[in-house]
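A.B. asks: So the protein sequences, as listed, match chains S and D. Here this note's numbering is used: the first residue of the first sequence is 1, the next is one more, and so on. Here this note's numbering is used: the first residue of the second sequence is 1001, the next is one more, and so on.
Calculated from the structure, these hints are not laboratory results. All C-beta atoms in this analysis are idealised placements derived from N, C-alpha and C, irrespective of residue type, glycine included. Please note: incorrect hints may appear among the correct ones.
Straight line, CA to CA, 30 Å or less: simulated DSS-like cross-link-like pairs of lysine-lysine [unchecked claim]:
1) D:Lys1541 / D:Lys1134
2) S:Lys74 / D:Lys1466
3) D:Lys1134 / D:Lys1430
4) D:Lys1104 / S:Lys64
5) S:Lys72 / D:Lys1461
6) D:Lys1340 / S:Lys72
7) D:Lys1340 / D:Lys1321
8) S:Lys97 / D:Lys1336
9) D:Lys1336 / D:Lys1541
10) S:Lys67 / D:Lys1541
11) D:Lys1336 / D:Lys1134
Chain D is nowhere near these chain S residues, computed Cβ spacing over 12 Å in every case [claimed, not checked]:
12) Ala118
13) Ala120
14) Gln145
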Amino acid sequence: MIRKENLENIPALAENPIKNQIIEAFFDKRNQHGNEVGSFQEIGFEQFVMVMSHFRPPNLKTTKEEKQEMRKEKLRFLFNMHDTDGDGIITLQEYRKVVEELLSNSGAMDQDAAHEIADAAMLEVASTNVPQMSPEDHYEGITFQHFEQILKDLEMETRMFIRFLDVDTTTMHCGKATS
Amino acid sequence: MGRGGSVRFWIFGSMLLIGVWGQEPKSERHDEHGGGSNVSGISIVSLEWEYVEPPYLVALWILVCFLCKLVIEANHHVTEFIPESALLICSGFILGGMIWGADKVQTFRLTPYDFFHYFLPPIILDTGYSMPNKLFFTNLGGILIHAIIGTCWNAASLGLSLWGCQIGGAMGDLNVGLLQYLLFGSLIAAVDPVAVLAVFEQVHVNEVLFIMVFGESLLNDGVTVVLFNVFNAFVTLGGPRINAAEIIKGIISFFVVAFGGSLVGFVFGLLFALLSRCTKNIQIIEPGFLFILGYLAYLTAEMLSLSAILSIVFFGVCCQKYINANMDENSVRTMKCAVKVFANGAETMIFVFLGISAIDKSIWVWNTGFVLLTLLFILIYRFMGVFFLTWFMNLTRLVPIDYTDQVIMSYGGLRGAVAYGLAVMLDEAKIEEKKLMVSTTLIVVYFTVILQGVTMKPLVKWLKVKRAASAEKTLIEKVQNRAFEHILVAIEDISGQKGNNYLRNKWFKFEENWMSRILLRPSVRERQDKVFNVFHQLNLKDAMSYVVEGERRGSLEFIRNESAFVDFKKKFGEDMTMSMPDIMADMSDDRSAASSTRKESVPSVSLEVHEQAMRGTRAAEGLDSHHLLQQHLYKGRKQHRHRYSRSHFDINKDENEIQEIFQRTMKSRLESFKSGKMGVAPPKTITKHTRKEQQQKVRTAQTLTQQSVHPLEKDKIPRCLFFPNPTLHGKTLFQDFRCFTRFFRQVYNIQAVKKNLTFHFFWFQLQNKKSKSRLSGDEDFEFSEGDSASGYDTSFPVRGGYRPGAGIENPAFMPDVDLPLQIPPWLEDVDSVAPSQRAQVRLPWTPSNLRRLSPLRISTRSSDSFNLAEAPGDHQDDQLPPPPTPPPHRDGDVV
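Kindly generate the complete structure, drawing on both the sequences and the hints.
C.D. replies: Listed below in structure tokens is the structure:
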């Protein structure tokens, strides 16, 4: 069983600005391909592998549909990471927090700057997804559809992968199938 | 076509001219010289053709090549199907034919010396300088495998197969030994960067594929040079004397050549980066360093017989980041353009001359078997090599390269001028069949560049090769990418591995801590953030489109008429008046909350947000946006007074013009300033200063401009902002609009600090109104509302349909949202209140306000502390009638 403290104690993680989000992601029930919401106190090997499975690379045999599916999974993972309260919407506050932490170690920028950026990004999402928004409208936050939409050009296929030593990707696949 | 024809005719004419001149004057000159020595008279006009011949020919040729390109590019229907490089070669054929027709001998051809010393360096410098570093280094492993093993394989297999075919009798009687075949193989094995770039630039394949082919073509130069030299030496030595020691030497020399070349480039790159730290004062020639140092890196490597191409590539790769950050934005832009000019020009010349060189009877020796077999083997072995190596790489590659990409990679193995240059360099004394090799190389070059080049695009389409994704430009994508990197590193950490991402992270750390510290100017180190860059870009874009939109509607005034805001404005005004005491009371408690919301909803534009965000670290870019805006805003009468300066760009700006720009924009700026920042600055009524004091100041203003400026700010506050006396106005003021804008932004900066005082300001307004201290004398401002082209406070109505209180409040894109917030209806007469002392400083001179404003104009000294000191005071005695007395230290200045 792994607890949060265990992950937090990994020395190499200490410098990572979004360490908290990443650790949260491991304990997030939404990342277990189930429909549950909430978070674990501690996770077992299976859950650990489930989270890790988001990072498996495709191979030459992966079909287009599978690739699409994988992409969606990865996006969902990212989305969950942003959506901390689990209501299916990334609100401005949530997004700001992420951006703030992301930028927190590039010292020159203060919190305001991070906020500005988050706001600008948010507005971008809003304007892409709801082009005809009247001034009275209120954009609550990014839904998963919007998230998918705005990142549709982002090349995930070559990015969000980790090479796992000694772990055959097929076993990872089995891990998913069993659950 | 008619146009094309005429230009072509023109070229033909110029060609004839060269030919004729080349022949005739030579004979005439003899007479002239003979006569010249005898006759003491002065010949008024004499033809000094020989004196100018070499440079003249060079210049003419460059012109002709450029015109060829112009003709080719005139019609895009052609270049869509046939790559430019192929067309250039064809036009080379035509030109060569003309020369041949005129001279009966090919007087011009591409010599290896010219090629390697003048044409190649600029092209490679360009590739290195604009190399996508991250992509390049991510795929470095694959590139190296292809560049080293692939090239060796190509050379060896081609040489051996040809040799085998010769023994088999396929090529008739040729006097070529195995070593010479290998030499030929080595010179023709290398994929040519120039050709590859020319073709792949027009077929937008995905970036991984592109970098694989292109990187290979760049890096295999080291291999080619070594192979060529080694085999050349072997051929000289002769077969029997080659022993193991020589072969080992050859292998060692490979490492020396390749790594030595890279090292030379690296060292020069770092030198350049260091140098660029201190070139601030010679901005005008700053860009020249790139070319000179790059060329020196190239020549140094050449001198040490290292790989010159690798040297200049790594020069570009390693200095690009630092110099782009260190140098002024103008210089960077100049470099980027100039490097393209040189590279593109050189490329054009290379292809044209490749074509011209072909039209020469003396070089052609035809051997069907040799030529066809070479072509066949080149293609086959290229495919085999690529497929095998990629298969091997895919075993370990995270994201495998799929088959269609592999086909394109193989098919993209274009040979070019490098091979031709090497072939011409062969020693005819040692290799009897040199001519055959040269002509075969030419055939191969034509075949690959023209035929494969033409078919590349259809093939890419047919195979549905993944195309290049659109460049990431949205902010959210950048943010997301940043998140990716961290997530990947974190996951690797958690899983306890040290993979690529781990290494990359380590490298970034190292770079940040050491390289940047040494190589970057301290001032630019902070702005090394990509997210910020995108942010900045977006803002610029918005500002631009805003201006365009404004122009479309006739004026920028339309924002003011946005009806959406009006009722809100009124409402807010009412609320304000009604509940003012409460608000004031609440303020002290709610202070932090209120101020934070205020901060975000405060204004405005792009630039200002920046300021707030970056606190002036982006002075240059801010200036740039100013420049853009200014360009769009000002379309007035221009009275250019052309002057010349070798060291300044903007010398031709007419003072009148600048002043007009200033006056036209002043009003609106002031307005936005007031509306946006009013809250921050305690209002001053102008009447508070005694006339006596003012007169004094007017008198002493001239000297004060020098004295009263705080040392720290002295260089930042432009002289032009002072208005010592009316007669000076218009002559010496506003000499530099840029310095004005810089100054203006500083003011913004300072104001941004104190936004949370907005409410106090309103209170002041109220008091103001009550005490009837409003002034109406400023009506004679000569600005019309229509001219209120606000450079700063540009709202962006397309996007900015948000109001405070809606989900997001983004200052960057909805600047004017809070305009109504801060100008209650009773303040519509904006001239009644001067926004702040700083703003006052910039009021243009008019008869009515000069007198009153003059005292304030010199109060520029250390305004930060000045305003800050004032702020708390206002907070406490906000019941008092407004105008705070000028702080004491100001008086000290005055007297």
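A.B. asks: If you check each hint against the structure, which ones fail?
C.D. replies: 3, 4, 6, 8, 10, 12 and 13
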